[in-house]
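Asker: Here is how the chains run, residue by residue.
There are 2 protein chains.
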Amino acid sequence: MQMRFDGLLGFPGGFVDRRYWSLEDGLNRVLGLGLGCVRLTEADYLCSHLTEGPHRVVAHFYARQLTLEELHTIEISAVHSRDHGMEVMGMVRVPLYTQKDRMGGLPNFLANSFVGTAKFQLLFALKILNMVPEEKL
Amino acid sequence: MQMRFDGLLGFPGGFVDRRYWSLEDGLNRVLGLGLGCVRLTEADYLCSHLTEGPHRVVAHFYARQLTLEELHTIEISAVHSRDHGMEVMGMVRVPLYTQKDRMGGLPNFLANSFVGTAKFQLLFALKILNMVPEEKL
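Those protein sequences? They're chains R and A, same order as listed. Numbering-wise, the first sequence is residues 0 to 136 according to numbering that gives the first Met the number 0. Numbering-wise, the second sequence is residues 0 to 136 according to numbering that gives the first Met the number 0.
A portion of the hints provided could be inaccurate.
Claimed, not checked - Take a look, some chain A residues computed to stay more than 10 Å from chain R by CB distance: (1) G25; (2) H59; (3) H71; (4) L122.
Claimed, not checked - One-sided and incomplete, this derived list gives chain R residues near chain A with beta-carbon spacing under 7 Å: (5) G6; (6) F10; (7) E74; (8) M90; (9) P94; (10) N107; (11) S112; (12) G115.
Simulated from the structure, these hints should not be mistaken for lab results. Beta carbons are placed, not taken as given, at the ideal position from N, Cα and C, and that holds for glycine.
Generate coordinates for the entire structure from the input sequences, incorporating the hints supplied.
Answerer: Structure representation (structure tokens):
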């Protein structure tokens, strides 16, 4: 995930102008500005969510399983990207474990501040992709 | 700052065994593992704080003003460092501004979860180094 310019955690992404782009082309365009090197397709689509509040936004969520090496390549690319230090204050991995004290790891991470539907999207992905045992969520 | 393995935000650093290291040599050793390229001296010392809880720890806090280029060099080095993906889930910049909505930026950032004295250290540094107007803290 990313620490965003507004001090909240969120996923890489952005707005897509449907007049000019398909969802996936628009997504890959904004990912290119922040990550530099990953292309998502319709096969990576997970879910959509209508956000509440004054600005009604439909958030489409995509997820792709990466090897550790691919993730590291993206992390390196991200720190060199156009958005680094502007839209994005840094990229962070999500700890998927829980330490012995029952707080360290994922529970503490979920206690941070998330933008819009990002926390919901994270929990949904962890569940639907079987990344964390359900009793831990 | 860093998103740590335990899901909390904190500063780079670590324990120093005073039998073998001076504070600064020990600090630079642990910084070397996580950042790769910065050396602090006694002149960078800011404050010390005795943490509460079962594990009583004295946290010594150092701060160094960097150019944007130096900061970026450290961010690049950090993503290649030994601790990346282990002790450290990622490095993030702290937004020092407040957006028009009065929450975006530093206020939201401070609502995240911090380890030990890290939030106190951050606020102390922002104040003592005149990095943020005092009425914003």
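Asker: Would you mind marking each hint as holding or not holding in the structure?
Answerer: Checked hints:
Once the 10 Å rule is applied to beta carbons, G25/A is consistent with being away from chain R; the minimum gap is 24 Å. Every C-beta of chain R lies more than 10 Å from that of H59/A, the closest at about 23 Å, which supports listing it as non-interface. The Cβ of H71/A sits about 7 Å from the closest Cβ of chain R, inside the 10 Å cut-off, so the non-interface label is violated. In this structure L122/A is separated from chain R by more than 10 Å, as the shortest Cβ-Cβ distance comes to about 14 Å.
A cut of 7 Å between beta carbons decides the hint on G6/R: the least distance to chain A is about 3 Å, and the hint holds. A hinted interface residue such as F10/R counts as satisfied when its beta carbon comes closer than 7 Å to some beta carbon of chain A; here the least separation is about 14 Å, so the hint is violated. Hint on E74/R holds. Least Cβ distance to chain A is approximately 5 Å, under the 7 Å limit. Against a cut-off of 7 Å between C-beta atoms, the interface hint on M90/R holds, since the closest Cβ of chain A lies about 5 Å away.
The closest approach between the C-beta of P94/R and any C-beta of chain A is roughly 5 Å, which is under the 7 Å cut-off, so the hint is satisfied. With 7 Å as the threshold, the beta carbon of N107/R comes within range of chain A, its nearest partner Cβ sitting at about 3 Å, so the hint holds. The beta carbon of S112/R comes within 5 Å of a beta carbon in chain A, closer than 7 Å, and the hint placing it at the interface holds. Below 7 Å, beta-carbon pairs count as interface contacts, and G115/R has none with chain A, the closest being about 12 Å; its hint is therefore violated.
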